[in-house]
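> Each chain, letter by letter, is given below.
Number of protein chains: 2
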Amino acid sequence: MVAVDLGGTRMKCGLVAADGAVLHRETRPTPRAASDERGGGRVVLEALLETVVELSQKATADGHRVRAIGVVVPGVIDAEHGTVGAENLEWVATPVLAELKAAISDDVPIVLAHDVRAGGYAELRQGALAGTTNSMFLPLGTGIAAAMIVDGSLVSGDGYAGELGHSKFIYGDAAELCACGQWGCLETVASAAALARRYTARTGRTVDGAREVMELLAAGDPDAEQVWQDALAALVDALVLYTTLVAPTKIAIGGGLVGAGETLLQPLREGVHARLTFQREPEIVAAVLGEEAGMLGAAQMAWDRADEEGRA
Amino acid sequence: MVAVDLGGTRMKCGLVAADGAVLHRETRPTPRAASDERGGGRVVLEALLETVVELSQKATADGHRVRAIGVVVPGVIDAEHGTVGAENLEWVATPVLAELKAAISDDVPIVLAHDVRAGGYAELRQGALAGTTNSMFLPLGTGIAAAMIVDGSLVSGDGYAGELGHSKFIYGDAAELCACGQWGCLETVASAAALARRYTARTGRTVDGAREVMELLAAGDPDAEQVWQDALAALVDALVLYTTLVAPTKIAIGGGLVGAGETLLQPLREGVHARLTFQREPEIVAAVLGEEAGMLGAAQMAWDRADEEGRA
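Just so you know, the sequences run in chain order A and B.
Take the first sequence: its position 279, counting from 1, is numbered 1560 in my numbering, and each next residue is one higher.
Take the second sequence: its position 198, counting from 1, is numbered 1479 in my numbering, and each next residue is one higher.
Think of the hints as simulated: they come from the structure by calculation, not from any bench.
Model, not experiment: these values are computed from the prediction.
One should not assume that every hint holds.
Far from chain A by the CB rule (all over 12 Å, computed), these chain B residues [what the hints assert, rightly or not]:
| id | residue |
| --- | --- |
| 1 | Arg1313 |
| 2 | Asp1317 |
| 3 | Val1324 |
| 4 | Glu1335 |
| 5 | Lys1339 |
| 6 | Thr1341 |
| 7 | Arg1346 |
| 8 | Ile1385 |
| 9 | Asp1388 |
| 10 | Val1389 |
| 11 | Arg1483 |
| 12 | Arg1486 |
| 13 | Glu1506 |
| 14 | Gln1507 |
| 15 | Pro1548 |
| 16 | Glu1572 |
Derived DMTMM-like pairs: lysine to aspartate or glutamate, alpha-carbon spacing no greater than 25 Å straight-line [stated by the list, open to error]:
| id | chain 1 | residue 1 | chain 2 | residue 2 |
| --- | --- | --- | --- | --- |
| 17 | A | Lys1382 | A | Glu1361 |
| 18 | B | Lys1382 | B | Glu1331 |
| 19 | A | Lys1531 | B | Asp1359 |
| 20 | B | Lys1382 | B | Asp1343 |
| 21 | A | Lys1382 | A | Glu1335 |
| 22 | A | Lys1531 | B | Glu1361 |
| 23 | A | Lys1531 | B | Asp1432 |
| 24 | A | Lys1382 | A | Glu1590 |
| 25 | B | Lys1382 | B | Asp1585 |
| 26 | A | Lys1531 | A | Glu1564 |
| 27 | A | Lys1531 | B | Asp1439 |
| 28 | B | Lys1339 | B | Asp1388 |
Ideal Cβ placement from N, Cα and C applies to all residues, glycine included.
Same shape as in the complex, but just chain A (with noise of 0.2 Å):
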């Protein structure tokens, strides 16, 4: 399988055997849409069909067969045309799977998934969430999204689900605007990028990211240790709402902020733990596929997509 994660900096690129070996990798940027004077995100379009043909040829080059071609995007994609509409890459509707159809001469199944679902999917397939029929997988990022297994299913709502950066955790004055319009998202306050601005916001002080917030937090500095508490306090509340609504059994965190290990995952466990009642209480762990999960997903999907056809 040829895959390729699309992100909003780098494409992260691979080919993949049907036993799940990756046989290469590479990483390539993606070019900055807004550099583009044509507009509508055509650079970033383009870049992308390049890759996937480059890689097909590099596959058949190195003696393999393409069976098919998985692309992940950051974006919402309307199955029914093949659309996608990602604001960062300034794309509206635009006609992806069609536009890789033309570019791939051959007759290859092409799948094109959401990047957190494709992460959720390698995950369940291959990961942290292996054998599961109700889980979650939840990158802790730039943003934060959930791929949802449900009833043994990973959930789409038409493209739409999983938004459970964007529901409202915090109340009253303490919400802040999100990027998203609405007050008070999870992402406000407990993604990557969320920790570093609310620490500079605190401080005055700017920082590299949410990693340095985190040596802060490690060295004691009582800021970054509120700002950690709050997003702490924010993770607890949205993983016991989504306990209680979905019943998962294994909860597999993901993203940069996973990089802290235990100090994220012990609070979240024993907050988890001394809030639920009557629910099943999830095991809460680390996902394992790191920042290849997207990639694997997207070349598993694949996969599956090929096999199903070569059944039908």
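Following the hints, position chain B against chain A.
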């Protein structure tokens, strides 16, 4: 189909034809579990078995063939073992399915289902949610629970999913202790029971349930107005969160409170509309099957089971 919706105070029973037509309906009292010295809710189980046997006999006497039996219970069903836990019936891992099978001599398929999920299934198959693939049935009665329809299926979560009524939407000093042991649950402000309790707590005046609070509201009583506004605000929070996480296209409100009609629905629609930004906006409507939803859902599920077994 023989269908019984076992409630805490009443059993709503019916004989339902394959086309959904109700051939016979009756209501029987549910004996109080606490009235039985033997304990374990034995008296409730015996009443249920007697009812199912008598309805089956009536169906046969009326010249019908009993194809399947559907029983709906207000508790957590362990589908693997056919046991039910229901606090207010004093059932703890009670082997309801095995007892029903023993009581019914014929080899008729028996389906055991959760009351709110059965109601949601009826609304999905023949009611307000017909034709939807992502939607929610939310009865506001003595308690509050949701039947979630996600990607075309009714969600079970091993029997635990849908507890929106026990999700926290009241934060800070305003959060009240819920019967479930958590603080600030939706049920503490927005159930029919909560409206009456909170009105009495504010005014010291005993009222005849939510119905009287609604009459006081219509008459311009300021305390009723405050209690009602608190309920609406929490319901808007709950509907917005559900929409953000699960992306329904339609939400059907049921239960006793929906008797308030547009007094309830219009502010919910306006509140949700004002709050959503990037999400897909759901249609908010009244459920249509009323108090028979659970019984009709039991019949529908029983019919589907008979149909499956007939095909297999």
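> Against this structure, judge whether each hint is valid.
The hints, checked one at a time:
1. Arg1313: 22 Å, holds
2. Asp1317: The claim stands: Asp1317 of chain B keeps its Cβ more than 12 Å from every Cβ of chain A (closest is about 24 Å).
3. Val1324: 24 Å, holds
4. Glu1335: 34 Å, holds
5. Lys1339: Holds: least Cβ distance 36 Å, greater than 12 Å.
6. Thr1341: 36 Å, holds
7. Arg1346: Consistent with the label, Arg1346 of chain B stays out of reach of chain A, its closest Cβ about 32 Å off (over 12 Å).
8. Ile1385: The assertion about Ile1385 of chain B holds, with a minimum of 29 Å to chain A.
9. Asp1388: Asp1388 of chain B is indeed farther than 12 Å from all Cβ atoms of chain A, at 28 Å.
10. Val1389: Correct as stated: the minimum Cβ-Cβ distance to chain A is 26 Å, above 12 Å.
11. Arg1483: 21 Å, holds
12. Arg1486: Consistent with the label, Arg1486 of chain B stays out of reach of chain A, its closest Cβ about 30 Å off (over 12 Å).
13. Glu1506: 22 Å, holds
14. Gln1507: The claim stands: Gln1507 of chain B keeps its Cβ more than 12 Å from every Cβ of chain A (closest is about 18 Å).
15. Pro1548: Label holds. Min Cβ-Cβ 18 Å, cutoff 12 Å.
16. Glu1572: 25 Å, holds
17. A:Lys1382 x A:Glu1361: With a Cα-Cα distance of about 15 Å, the restraint between Lys1382 of chain A and Glu1361 of chain A holds, given a limit of 25 Å.
18. B:Lys1382 x B:Glu1331: With a Cα-Cα distance of about 12 Å, the restraint between Lys1382 of chain B and Glu1331 of chain B holds, given a limit of 25 Å.
19. A:Lys1531 x B:Asp1359: Status holds; Cα separation ~19 Å.
20. B:Lys1382 x B:Asp1343: 22 Å, holds
21. A:Lys1382 x A:Glu1335: Cα-Cα ~14 Å, so holds.
22. A:Lys1531 x B:Glu1361: Judged against 25 Å, a Cα distance of about 20 Å means the pair holds.
23. A:Lys1531 x B:Asp1432: 21 Å, holds
24. A:Lys1382 x A:Glu1590: Given pair Lys1382 of chain A, Glu1590 of chain A holds - Cα atoms ~16 Å apart, limit 25 Å.
25. B:Lys1382 x B:Asp1585: With a Cα-Cα distance of about 18 Å, the restraint between Lys1382 of chain B and Asp1585 of chain B holds, given a limit of 25 Å.
26. A:Lys1531 x A:Glu1564: Roughly 5 Å between the alpha carbons, so the hint for Lys1531 of chain A and Glu1564 of chain A holds.
27. A:Lys1531 x B:Asp1439: Holds: Lys1531 of chain A and Asp1439 of chain B sit about 13 Å apart, inside 25 Å.
28. B:Lys1339 x B:Asp1388: Roughly 17 Å separates the two Cα atoms, so the pair holds.
Every hint, counting from the list given before, is met by this structure.
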